[in-house]
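S.K.: Listed here are the chains, written in short residue letters.
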Amino acid sequence: MIWGVVSAVKVISAVRPVYAVLWLISAFLSVSAVFIFIGLVYMGFIMIIVYVGAIAILFLFVMMMLDQGKEEAGTPIVNIIPMGMIVGVGFLWVAATGGEWVGAYITQQNHSRGMIGGQPGGDIVAIGRVVYTEYSYMFIIVSYILLVAMVGAIVLTHRHGEYGPDEPMRQDVYIQTSRDIWGHPNQINLNSLGRYK
Amino acid sequence: MYSEMMLGGGVLGVILYGVYRPMYRWSVMVLLVYTGGLVGGYATADYCGFVKEAKDSLYMVGDNEWVWVLQIIAGIGLIGIVLMGERRGVELVLMMGLGTVLLIASVNWLSIYLAMELQTLSLFILVALKRESAYSTEAGLKYFVLGAISTGLFLLGCAMIYGGSGEMSVLAGNTISETINQWLIRGGVGKALITISLLFKISAAPFHMWAPDVYEGAPTITTALLATVPKIGVFAILVQIGSLSNIVFISATMSMIWGALGALNQSKIKRLLAYSGIGHMGFVIFGAGMGTMESIQASLIYMAIYVAMSVCVFSIILTINERRGLVADFHSLSRKNAILGGSLALVFLSIAGVPPLSGFLSKWFILWAGVSNGYYLICVGAVLSSVVAGVYYVRIVQMTYADFQGELAREGPIDIKRSILIGSTLYLVLFILICPNFLLQVTYDAAVGLWVHV
Amino acid sequence: MSVIYIGAILIFAIGVLGVILNRNSFIIMLMSMELMYLGVVLLMVLITSAFDDMTGVIWAIAIITVVAADSAIGLSMLVAFYVTRGSINVKSLNVLRG
Numbered sequence: 001m002i003w004g005v006v007s008a009v010k011v012i013s014a015v016r017p018v019y020a021v022l023w024l025i026s027a028f029l030s031v032s033a034v035f036i037f038i039g040l041v042y043m044g045f046i047m048i049i050v051y052v053g054a055i056a057i058l059f060l061f062v063m064m065m066l067d068q069g070k071e072e073a074g075t076p077i078v079n080i081i082p083m084g085m086i087v088g089v090g091f092l093w094v095a096a097t098g099g100e101w102v103g104a105y106i107t108q109q110n111h112s113r114g115m116i117g118g119q120p121g122g123d124i125v126a127i128g129r130v131v132y133t134e135y136s137y138m139f140i141i142v143s144y145i146l147l148v149a150m151v152g153a154i155v156l157t158h159r160h161g162e163y164g165p166d167e168p169m170r171q172d173v174y175i176q177t178s179r180d181i182w183g184h185p186n187q188i189n190l191n192s193l194g195r196y197k
Numbered sequence: 001m002y003s004e005m006m007l008g009g010g011v012l013g014v015i016l017y018g019v020y021r022p023m024y025r026w027s028v029m030v031l032l033v034y035t036g037g038l039v040g041g042y043a044t045a046d047y048c049g050f051v052k053e054a055k056d057s058l059y060m061v062g063d064n065e066w067v068w069v070l071q072i073i074a075g076i077g078l079i080g081i082v083l084m085g086e087r088r089g090v091e092l093v094l095m096m097g098l099g100t101v102l103l104i105a106s107v108n109w110l111s112i113y114l115a116m117e118l119q120t121l122s123l124f125i126l127v128a129l130k131r132e133s134a135y136s137t138e139a140g141l142k143y144f145v146l147g148a149i150s151t152g153l154f155l156l157g158c159a160m161i162y163g164g165s166g167e168m169s170v171l172a173g174n175t176i177s178e179t180i181n182q183w184l185i186r187g188g189v190g191k192a193l194i195t196i197s198l199l200f201k202i203s204a205a206p207f208h209m210w211a212p213d214v215y216e217g218a219p220t221i222t223t224a225l226l227a228t229v230p231k232i233g234v235f236a237i238l239v240q241i242g243s244l245s246n247i248v249f250i251s252a253t254m255s256m257i258w259g260a261l262g263a264l265n266q267s268k269i270k271r272l273l274a275y276s277g278i279g280h281m282g283f284v285i286f287g288a289g290m291g292t293m294e295s296i297q298a299s300l301i302y303m304a305i306y307v308a309m310s311v312c313v314f315s316i317i318l319t320i321n322e323r324r325g326l327v328a329d330f331h332s333l334s335r336k337n338a339i340l341g342g343s344l345a346l347v348f349l350s351i352a353g354v355p356p357l358s359g360f361l362s363k364w365f366i367l368w369a370g371v372s373n374g375y376y377l378i379c380v381g382a383v384l385s386s387v388v389a390g391v392y393y394v395r396i397v398q399m400t401y402a403d404f405q406g407e408l409a410r411e412g413p414i415d416i417k418r419s420i421l422i423g424s425t426l427y428l429v430l431f432i433l434i435c436p437n438f439l440l441q442v443t444y445d446a447a448v449g450l451w452v453h454v
Numbered sequence: 001m002s003v004i005y006i007g008a009i010l011i012f013a014i015g016v017l018g019v020i021l022n023r024n025s026f027i028i029m030l031m032s033m034e035l036m037y038l039g040v041v042l043l044m045v046l047i048t049s050a051f052d053d054m055t056g057v058i059w060a061i062a063i064i065t066v067v068a069a070d071s072a073i074g075l076s077m078l079v080a081f082y083v084t085r086g087s088i089n090v091k092s093l094n095v096l097r098g
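Chains as they are written, first to last, in the UniProt record's numbering: chain V, 1 to 197; chain Z, 1 to 454; chain G, 1 to 98.
Possibly wrong hints are sitting among the right ones.
[What the hints assert, rightly or not] Short, incomplete list of chain V residues facing chain Z, as computed with Cβ under 8 Å:
#1 A14
#2 I141
#3 Y144
#4 I145
#5 A149
#6 M150
#7 V151
#8 L156
If you're looking for bench data, these hints aren't it; they were derived computationally from the structure. Just so you know, even glycine gets a beta-carbon here, dropped at the ideal spot from N, CA and C.
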């Protein structure tokens, strides 16, 4: 838990984005360890598979694609201290009071509804039992959201080919794989990359 | 429930069809069938809502008069947007409409969250749709960042309500917090966070900073969409959850004042309309925050008339179609195209709230509810800020009629769909004051429908 | 026991701070959003394990899925922005002013 908080601080204070991704993966791993310790094994593995396996790798891909060489210096830290103090103190207050209240309420409740703990097979059986029946609404709407994400990613980044907007972009294997061995090294790079820029 | 299922199936079918063929006509058809079905069902049903079951925490979607009337308004707004728009991005507009319709009907925090995400994610893409333009992508990124912060606040609020009450149904949460009577502890912080997040989405004043930038940077058709349809959905939820009225009142007062003052020195028409929308949302959430039946009915009337006026204004802006998007483009419009100039002047006078037009009617109902509930100071502020706001609307009218500059070439005939839209919404704007009985009856039924099930 | 809830909200708060205070690069801002949602998921799952019911787990699955969609859209928007402007610095968000 403490390791997760430390990793979170490291994420937002890292200078280079690659280090930030590594610390983000560390935070995900610590959270999934917490899940496994409290008995929700399936949720822990979902955290690792989805977050570390998909989202962090997506970040790495985009970082590789954008190729931002040298970072420019941001705003000096002195300018953002006042706003940081205000927001930080506000959220610390919310964290302390809200956490106290929620914890107090839960300990005072002191009865277990017994939907996961007593089940044979653990949480994966319990989730599988409700997600297609009682929460099928959630299932359908989430599928719509994923459809929107798919359409959006295609609409925002797909580039059309040379023969008009309806023409899909084709791969030209010859240009992609050819190397001009005897020419100047920069020239062939410009030619082959220029179409795909 | 069945209407949303129908719309969802129709959207999927249209998208599948659109893989091979242009799908513009079919999407218009789906929306027309959906809205027509809603109107027909509303007119014929002998209605008794079955939201009584909504106290069960598994019940996701409610169904009463309030939901139906708001869905009809949202459907009509969507038809307007699709008719005035272009062919690109229709599927995302349909998805956004599906999200809004589901958001209006939601009675569970989980379904509210999912419907709001569906709506917001489609809007992100629609804002950044013109991806070769630096304005559009920058507006998309700004909207994305601020929208993600507000979604995060919403989720934290939901987690706190869940931890504090153990229930995820909106109505059950309300009853629990009332009976225990310790609203600050049992989910009070969570409800405050959720209210702030909804005020973000509706672009009310302390949380409005994304609105002018996003309105200016987005393509004009997306700006028209942003100004009308999502606000209906967020308004429906803001009324239904019983949000904290202190935050809503502060935000309403600040929105009215800020919307009037911020627009005074704007030269871009879309920024001006963004500030105008902030001011109008101040009026709407003022009525929603009072929480009595008359005030909620007044807010609903305001929302309906605001949608009609926005559709009319944006159709006229799209018809003029200047690339620069300055207010100065309206110079001598009445000489170029007399009917268009006249309708533009009438609509802006109506937005300003000049008496014989319908904008006056809506403002009057809100102020009436405010005075009869005893909120005198906010009402005085509302009147003063609408007087200040009247300055720049009347300046546009004066620009249309009085300042002639440059060449005065007559323009060609305008698009038939946009002229139908301008004509029908202008009819509402002009003549609704003569016989408002129909609108009053429908909104009265809707506002009563909020109370029947408790 | 409530220390662990405070930790979850603390991760959320660090994420919000990262989004607001970051002036360097957009990718770190997107990662801070991930941290925000991570904190909420942790809070939901902790509460649900205390109640021992299913609601929070379902919420956590929904949030994880929606966050995947969200970051996909954000990153593709970032790519489109990079193609038009040639930079992903936060300071380059300066076209729209007024």
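S.K.: Each hint: holds or not?
M.R.: Here's how the hints hold up against the structure:
1. A14: 19 Å, violated
2. I141: Cβ of I141 (chain V) sits 4 Å from chain Z, so the hint holds.
3. Y144: 6 Å, holds
4. I145: OK, holds: I145 (chain V) within 8 Å of chain Z, min 5 Å.
5. A149: Given a least distance of 7 Å, the restraint on A149 (chain V) holds.
6. M150: 10 Å, violated
7. V151: This interface hint holds because 6 Å falls under the 8 Å limit.
8. L156: 6 Å, holds
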